Amino acid sequence: MEHRADEPRIGVYVCHCGSNIAGKVRVAAVAEAAALLPGVVVSRDSKYMCSDPGQEMIQQDIREHALNRIVVASCSPLLHEETFRKATERGGLNPYFFQMVNLREHDSWVHEDADAATEKAVDLVRAAVRRVRFHRALEKTEVPVHPDVLVVGGGIAGIHAALTLADAGKRVYLVEREPTIGGHMARFDKTFPTLDCAACILTPKMSSVKAHPNITLWTYSDVTSVSGYVGNFKVVVRRRPRYVREDLCVGCLECIDACVYKEGRVPDEFNAGLGKRKPIYIPFPQATPQVVVVDPASCIRVKTGKCKSTCVEACDRDAIVFDQKEEIREIEVGAIVVATGFETFDAARIPQYGLGVYDDVYTSLQVERMVNSSGPTLGEVRLKNGSTPRSIGIIHCVGSRDQKTNRWCSRVCCMYSLKLAHLLKEHTGAQVYNFYIDIRAAGKGYEEFFDRLREEGVNFIRGRVAEITDWTMTPEEEGRLVIRVEDTLAGFVRRIPVDMVVLAVGLEPAHDAQEVRRVLNIGCSNEGFFMERHPKLAPVETFTEGIFLAGCCQGPKDIPDTVAQAGAAAAAALALVDAGRVELEPNTACVVDEACSGCKTCVALCPYTAISHDRERGKAAVNGALCKGCGTCVAACPSGAIRQNLFEDDQIFGEIEGVLVHA
Amino acid sequence: MPEPWEPRIVAFFCNWCTYTAADLAGVSRMKYAPNTRVVRVMCSGRMDPQFVYDAFARGADGVLIGGCHPGDCHYIEGNYKALRRFRMIRRVLREMGIEEARCRLEWISAAEGEKVRRVVNEMVEEVRRLGPLDLPGRAAEWDEEVSAHA
Amino acid sequence: MRYAYYPGCSLKGTGKAYEESLLSVFRTLGVELHEIEDWNCCGATSYSSVHNSAAFALAARNLALAEPLRMDLVAPCAACYLVLEKTKRYIRNHPHLDERVRRGLQAAGLRYEGNVRVRHPLDVLVNDVGLDAVRAKVKRPLDGLAVAPYYGCQVVRPYSTFDHQTYPVLMDRLLEAAGAKVVRYPLKTKCCGGSLTGTQPDVGVRLAWFLIREAKKRGADVIATLCPLCHFNLDSYQDKIARTCEKVSVPTVYFTQLLGLAFGHSEKSLGLHRNIVSAHAALASRSLATAG
Amino acid sequence: MKPVRQTIKYEAERDPNFAREIAAIPGCENLPSCFQCGTCSAACLVSTFMDYTPRRVIALTRSGFKDEALRCQTIWLCTSCYACTVECPKEIQITNIMYALKQRAIREKVYPKGFSIPVLAQEFYKLVLKRGRSTESWLVIRLFWRTNILKILGMARLGLNLLRTGRMSFRADSIRQTRELQRLLEAAEAEKGMAK
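Chains as they are written, first to last, in our numbering: chain A, 254 to 916; chain B, 110 to 259; chain C, 88 to 379; chain D, 23 to 218.
There could be a bad hint or two in this list.
[Said to hold, decoys possible] Heads up, simulated DSS-like pairs for lysine-lysine below, C-alpha to C-alpha not over 30 Å straight-line:
no.: 1; chain 1: A; residue 1: LYS637; chain 2: C; residue 2: LYS327
no.: 2; chain 1: D; residue 1: LYS135; chain 2: D; residue 2: LYS24
no.: 3; chain 1: A; residue 1: LYS657; chain 2: D; residue 2: LYS135
no.: 4; chain 1: A; residue 1: LYS657; chain 2: B; residue 2: LYS140
no.: 5; chain 1: D; residue 1: LYS152; chain 2: C; residue 2: LYS99
no.: 6; chain 1: D; residue 1: LYS31; chain 2: D; residue 2: LYS135
no.: 7; chain 1: A; residue 1: LYS810; chain 2: B; residue 2: LYS224
no.: 8; chain 1: A; residue 1: LYS637; chain 2: C; residue 2: LYS303
no.: 9; chain 1: A; residue 1: LYS657; chain 2: B; residue 2: LYS224
no.: 10; chain 1: A; residue 1: LYS789; chain 2: B; residue 2: LYS224
no.: 11; chain 1: C; residue 1: LYS99; chain 2: D; residue 2: LYS31
no.: 12; chain 1: A; residue 1: LYS458; chain 2: A; residue 2: LYS529
no.: 13; chain 1: C; residue 1: LYS303; chain 2: C; residue 2: LYS334
no.: 14; chain 1: D; residue 1: LYS152; chain 2: C; residue 2: LYS103
no.: 15; chain 1: D; residue 1: LYS112; chain 2: D; residue 2: LYS135
no.: 16; chain 1: A; residue 1: LYS810; chain 2: A; residue 2: LYS657
no.: 17; chain 1: C; residue 1: LYS304; chain 2: C; residue 2: LYS268
no.: 18; chain 1: A; residue 1: LYS487; chain 2: A; residue 2: LYS529
no.: 19; chain 1: B; residue 1: LYS224; chain 2: A; residue 2: LYS561
no.: 20; chain 1: A; residue 1: LYS487; chain 2: A; residue 2: LYS578
no.: 21; chain 1: A; residue 1: LYS463; chain 2: A; residue 2: LYS529
no.: 22; chain 1: C; residue 1: LYS226; chain 2: C; residue 2: LYS355
no.: 23; chain 1: A; residue 1: LYS789; chain 2: B; residue 2: LYS140
no.: 24; chain 1: A; residue 1: LYS339; chain 2: A; residue 2: LYS393
no.: 25; chain 1: C; residue 1: LYS99; chain 2: A; residue 2: LYS637
no.: 26; chain 1: C; residue 1: LYS103; chain 2: D; residue 2: LYS148
no.: 27; chain 1: A; residue 1: LYS810; chain 2: D; residue 2: LYS112
no.: 28; chain 1: D; residue 1: LYS152; chain 2: B; residue 2: LYS140
no.: 29; chain 1: D; residue 1: LYS112; chain 2: B; residue 2: LYS224
no.: 30; chain 1: C; residue 1: LYS327; chain 2: D; residue 2: LYS135
no.: 31; chain 1: A; residue 1: LYS393; chain 2: A; residue 2: LYS853
no.: 32; chain 1: D; residue 1: LYS112; chain 2: A; residue 2: LYS789
These aren't lab readings, by the way, just hints derived from the structure by calculation.
Keep in mind the model is a prediction, meaning the values are calculated, not measured.
Given these sequences and hints, build the entire structure.
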């Protein structure tokens, strides 16, 4: 056994956290009770322990009272453990002679009775006091960090993060599932509130990705496994066969013309099903990379092997290769930026809105393509019968703010609905009605854009549409779609006949977000978006160190916010890989040789193969670099021969005893 | 006058899921019974059966173990190990005449603050129905009996 | 197939034809109904307007009477169906209410343990008997008969235990199985006016008019209903609609009457003679009228 | 010209407990969640004729304007078709709240005058209490006796039609165990401990 500091001299600090803790827990009484505990030399309560004066107080007490153990009872250790460890260290102690008590999240905020909350606080402080005496000085462990970074997802978030990192001189792997990067933004026509064209902003960035010497772009590829730990991830990427050699194809599109299908047959994903494409296709003219792709689900050659394969003949570079197989690539990276994006709500789930039932009901994404001059209608807004709509209804919050579908506000629909209202009015001169519950125009220049729309004569009706129907009552309704809505500001129900309906669909987690989360070992919030480590203090970090979030995979957000967050994620990743080394929590396990019987129980248990059996000595040994500190082996060792730093048996028994023994 | 008895429950929460969920319950200001005392471990796989026995021996009326959902363990499969051990712990407790409801294992993800509230409240009520376990008291009685017979 | 049977007040009065046609269709399909002894009024919508727990206790008496039969309970009237289903759910989910209802039942020497499954004949016909079995019994398909399928409200709302709550389709499928041409009818679950036709005719009759007018526009020969109140409102006020709204008329029949016709039963045995706006001419125009 | 009325509301006119009392009734729990989107009103066919839209009734109830909520016609025009309830994005069971308001209006005798619906409801209640079943003809006669005897003459034709088609009789139906039923209803209505 190593040397333990002599008699413990413990300092206890109970934080008021303003009124957050003191409003429920009688902090002075807690400090008084703590003062009576064995080993406690100093016990104080203070308004804000995390503030400079609070931390200074700890440092001063360490010096003045020769304290050798510190307990701070304040908020969650996930928030401020590091803060107080540093304060302890500045006071001249090893930072691990510190223990934190969570009086806020686990006590004052969740209990109503002040007596019970105070009693609980005293118990928890007593437990920490009993625990901290068993703490020991630990060395910080540092590991080297691999300098490369992986970015998963090639929408605007992934593109921006990849470019930022690459510009900083880091080698970046950008992995995208679709045949092209660009994501949802590539499908938008204009962007709010400035109405600059989405393609004009995005496509230069897409080209930069392709051209950047530091970026390796893998489209039509999936991340299938991630192992390792912060600074040292091993990633497996599966590159699906696109039956076209990327190194040879120049994007001349001769093969598409030559396809045995003379017309497109398959609903075109990029145009949200408004157009048709062939089995061999390029998603859109500026697709990056400029390489065609063969859709195995519709290509006769892939499905049956029986096709004249006119595409192959048409290619003078022999780029089309039907025997292409999937490729598995293994890479090592120091950090991962996850930017896997979102999906839009399937409006057919709300049959009241008639998507798929009535001809002229469209989703907002379809309308983005319709108003786009390079879209399937070349920017013409036409009804199914070929005429131009005279009136158009835009329905906000489709699938959002609804207990039966998605509870959350999708944040972008108000603004993109305003944008579409403007564009549709511009394209058609129609009367445009926006049906909204609340207009959420909180962003720079957004409210001004809303002002502009009203000035342009767009009608705003505050009410959630109950139904779109072809049940008509008056001559002017005949042959049109009738929107039933309460004009809640006027206070009565209205029937408004329109020719075209636009459903402003909300944002949802991608359908496979749960699988992606498992591969990456990160968490999801209840609604299924990836969860950030802390909404304010660590908004792009995840609970897995070294993995960062950008864009809508973390929650709905617009393009400016997405780009800002992507920049933040890139900066966080950069800070990690640029440092070259990362400090690890020293909570690893180690074998106490004298007690080890060499039974090997632990060896099989370790999920990281960090434990080996030294045959010569007949003992187990933990590789500290591989151990991640779960403590599973510690609990399983029949001889009690494995110790987990920071979570030693004595420490935990001390805590158990502390919460149960009444002082 | 002796204070009315209140169940004392020691909870062992894993750092990544359940402890964070309890933090979330706090941030969301959910209210639940004040009878639990949380001991943080990095992983439910760290749960040494001795922790459970020790808690009961020192006077706990119940023990709650919280880990990540199956498949979601931060350490890949520590929670499966915890589940295996938990089954064994329960068998031992049964042998000792300690009711099953006094020891509970729950999967609570970091997003499930509401589940922390529900599980804690449920467990406090169940244990309240069972009444005090008071192993230390019983042990003292047995000791007396034994010495009386001696 | 055997079921407990709760006819409800309407099927013994204004909705007699519903019971007549239901029993005769079920007989053909080999479905037995056992009417529960001494059943009472379900309370409908009016009772809930006066006293809450008493309304649930009133309905619960029927559940208590049906429970010993150990069969699913068929309730053809939409209001009865809903009230029984709602009562079942409310006493299960609200302990305070359960206690009051229990106390009431006890005072009448009864108890209810929560084991009665409430069914609508449409549910039974589609899900228990099955469309194939129905098709097999069709002797005279309703060829060419254009039917507006009108479900009304309370069979599908709020619980929608067997069909969509706003866009149900099972009656469409059933009538198609009998050979009818079902028209697309966007008002299939809109309100018929309920009791307003009597109490606030200026409101109720207009609602019935909306429904009849749209059925006409969609080319329906008849409107099919599955609720005695819907039938009453659509059938009985057409003269008033003609006077106050518009001269428009479409006969209204029970879906069971249409099935019965397809099975070869006579109009009389199905109670079609009880209609105020006779469906005879509409049926005759598609060569479906029967003698007597 | 319509007389000019004061429309401003003072805090003293509000019943601050009203919303809580209504929300405490089984099935009315979600009242506080309303965000006033008006889906209920637009889903309601009868709202075509209502004095306040259902959304406004919810707003009045939630804000404690009890008098307005209880005296409005809307609650009596609700036919319980549940369209609002199934469409509500906040899963508020508006139909149940309408029932709760009706019960309260009858208890406090504040329903609109000359409105036959609440009268029908009470007549129905009495008839069922007495006989265990409802008979439409009896109900109609009782109803018009109490509201407008002249109206019954306008109904004569419908009555004749129903008699002709064998769908109406003047013999009131009844269950056998009326005594037991009355005891049942009394016990269910009674507050705890008062049951005989």
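Exercise for review: Take a quick look at whether A/LYS657 and D/LYS135 sit within 30 Å of each other, Cα to Cα.
Suggested key: Distance of about 40 Å is beyond 30 Å: violated.
Review point. Does D/LYS135 lie within 30 Å of C/LYS327 when you go C-alpha to C-alpha?
Key: Distance of about 25 Å is within 30 Å: holds.
Practice item. Take the C-alpha atoms of A/LYS789 and B/LYS224, compute the straight-line distance between them, and say whether it is at most 30 Å. Key: holds (23 Å)
**Study point:** A/LYS637 paired with C/LYS327 [C-alpha distance capped at 30 Å]
**Key:** Given pair A/LYS637, C/LYS327 is violated - Cα atoms ~41 Å apart, limit 30 Å.
Review point. Regarding the pair A/LYS657 and B/LYS224, is the alpha-carbon distance no greater than 30 Å?
Key: Holds, at about 20 Å.
Practice item. For the pair supplied as a hint, A/LYS393 and A/LYS853, confirm whether the alpha-carbon distance does not exceed 30 Å. Key: holds (28 Å)
**Study point:** Restraint check for A/LYS339 with A/LYS393, where alpha carbons must lie at most 30 Å apart
**Key:** holds (12 Å)
Check your understanding: Regarding the pair C/LYS226 and C/LYS355, is the alpha-carbon distance no greater than 30 Å?
Key -> Holds, because 17 Å separates the two Cα atoms, which is no more than 30 Å.
Point to revise | 30 Å limit on alpha-carbon distance, applied to hinted pair D/LYS152 and C/LYS103 | key: holds (23 Å)
Point to revise | Holds or violated: A/LYS487 to A/LYS529, with C-alpha atoms at most 30 Å apart | key: violated (40 Å)
Exercise for review: For the pair we were handed, A/LYS487 and A/LYS578, check the Cα-Cα distance against 30 Å.
Suggested key: holds (23 Å)
Review point. Is it true that the CA of A/LYS810 sits at most 30 Å from the CA of D/LYS112?
Key: holds (23 Å)
This entry does not satisfy hints 1, 3, 11, 15, 18, 19, 25 and 28, going by the numbered hints stated previously.
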